[in-house]
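Colleague: Using the sequences and the hints given, assemble the complete structure.
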Amino acid sequence: MAEEAAASSAAVGEAAAAAGEGRMTMVVGVDESEHSYYALQWTLRHFFATAAGGQPPQYRLVVVNAKPTAASAVGLAGPGTRGAADVLPFVEADLKKSSMRVIEKARELCAQVSDALFEVLEGDARNVLCESVERHQAEMLVVGSHGYGAIKRAVLGSVSDYCSHHAHCTVMIVKKPKNKH
Numbered sequence: 001m002a003e004e005a006a007a008s009s010a011a012v013g014e015a016a017a018a019a020g021e022g023r024m025t026m027v028v029g030v031d032e033s034e035h036s037y038y039a040l041q042w043t044l045r046h047f048f049a050t051a052a053g054g055q056p057p058q059y060r061l062v063v064v065n066a067k068p069t070a071a072s073a074v075g076l077a078g079p080g081t082r083g084a085a086d087v088l089p090f091v092e093a094d095l096k097k098s099s100m101r102v103i104e105k106a107r108e109l110c111a112q113v114s115d116a117l118f119e120v121l122e123g124d125a126r127n128v129l130c131e132s133v134e135r136h137q138a139e140m141l142v143v144g145s146h147g148y149g150a151i152k153r154a155v156l157g158s159v160s161d162y163c164s165h166h167a168h169c170t171v172m173i174v175k176k177p178k179n180k181h
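Anchor point for the sequence shown: position 15 equals 15 in the numbering used here, and the numbering is continuous, going up by one each time.
By construction, these hints were calculated from the structure, which means they are not laboratory data. Everything numeric in this text was worked out from a predicted model, so none of it was measured. Just to be clear, a hint being listed does not mean it is correct.
[Claimed, not checked] If you anchor each label on the Cβ, the simulated ranges turn out as follows:
hint : residue 1 : residue 2 : range
1    : Ala111    : Val87     : 35 to 43 Å
2    : Glu134    : Leu88     : 27 to 35 Å
3    : Ser164    : Met24     : 31 to 39 Å
4    : Ser114    : Lys178    : 28 to 36 Å
5    : Glu131    : Glu32     : 18 to 26 Å
6    : Glu139    : Ala49     : 37 to 45 Å
7    : Asp124    : Tyr38     : 17 to 25 Å
8    : Gln112    : Pro89     : 20 to 28 Å
9    : Phe90     : Gly22     : 40 to 48 Å
10   : Asp115    : Gln41     : 30 to 38 Å
11   : Lys175    : Pro89     : 34 to 42 Å
12   : Asn179    : Lys105    : 31 to 39 Å
13   : Asp94     : Ala49     : 32 to 40 Å
[To be verified] Below, a list of computed lysine-lysine pairs in the BS3-like style, where the Cα atoms sit at most 30 Å apart:
hint : residue 1 : residue 2
14   : Lys175    : Lys105
15   : Lys96     : Lys175
16   : Lys176    : Lys105
17   : Lys176    : Lys97
18   : Lys97     : Lys175
19   : Lys96     : Lys176
20   : Lys178    : Lys105
All C-beta atoms in this analysis are idealised placements derived from N, C-alpha and C, irrespective of residue type, glycine included.
Modeller: Right under this line is the structure:
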């Protein structure tokens with residue numbers, strides 16, 4: 001299944017690369033959080049809105065969702081948990097549905113971008129995003145931020161913090177402003 005998605009993404013990626021020749025590439029990481037959707041919307045507004053005179057966007061857009069492996073999701077219950085193998089297919093199906101919902105919402109948000117590429121890649125989000133930057137030779141990576149403090153970032157392992165140190169491109173971290181009452 002992952003191989004099919006990878007093969008499909010590779011074929012779509014080649015077509016999009018041909019269509020976007022001469023443009024730089026921007027990778028945007030999305031998940032189910034409102035923070036990632038805000039970052040995608042912010043990116044679309046600032047980099048992909050129709051320019052005066054109908055100029056094409058400067059960037060080719062690649063939207064990436066990292067789907068955790070079922071084993072890693074079940075592994076949270078602890079090693080050697082009896083029956084873990086029995087639940088793996090159900091967990092995998094749920095993770096796949098979740099990723100498809102994320103990509104569908106991203107497609108809706110990106111309706112004005114004619115040649116956007118959408119990928120679901122299996123693995124830890126930090127690694128998936130940095131590998132996507134390399135594979136697409138991206139000049140920019142955009143990720144959302146939950147706005148956690150230092151302690152929560154250290155405990156939870158901030159994707160944006162990791163990418164800012166390990167991605168081989170410019171990393172833009174978009175933080176949703178707090179609502180003002």
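Colleague: Each hint needs a verdict: does it hold in this structure or not?
Modeller: Do the hints match the structure? See the list:
no., hint, result
1, Ala111 / Val87: 35 to 43 Å, "37 Å, holds"
2, Glu134 / Leu88: 27 to 35 Å, "29 Å, holds"
3, Ser164 / Met24: 31 to 39 Å, "19 Å, violated"
4, Ser114 / Lys178: 28 to 36 Å, "34 Å, holds"
5, Glu131 / Glu32: 18 to 26 Å, "21 Å, holds"
6, Glu139 / Ala49: 37 to 45 Å, "19 Å, violated"
7, Asp124 / Tyr38: 17 to 25 Å, "22 Å, holds"
8, Gln112 / Pro89: 20 to 28 Å, "38 Å, violated"
9, Phe90 / Gly22: 40 to 48 Å, "46 Å, holds"
10, Asp115 / Gln41: 30 to 38 Å, "19 Å, violated"
11, Lys175 / Pro89: 34 to 42 Å, "37 Å, holds"
12, Asn179 / Lys105: 31 to 39 Å, "21 Å, violated"
13, Asp94 / Ala49: 32 to 40 Å, "35 Å, holds"
14, Lys175 / Lys105, "19 Å, holds"
15, Lys96 / Lys175, "27 Å, holds"
16, Lys176 / Lys105, "18 Å, holds"
17, Lys176 / Lys97, "26 Å, holds"
18, Lys97 / Lys175, "27 Å, holds"
19, Lys96 / Lys176, "27 Å, holds"
20, Lys178 / Lys105, "23 Å, holds"
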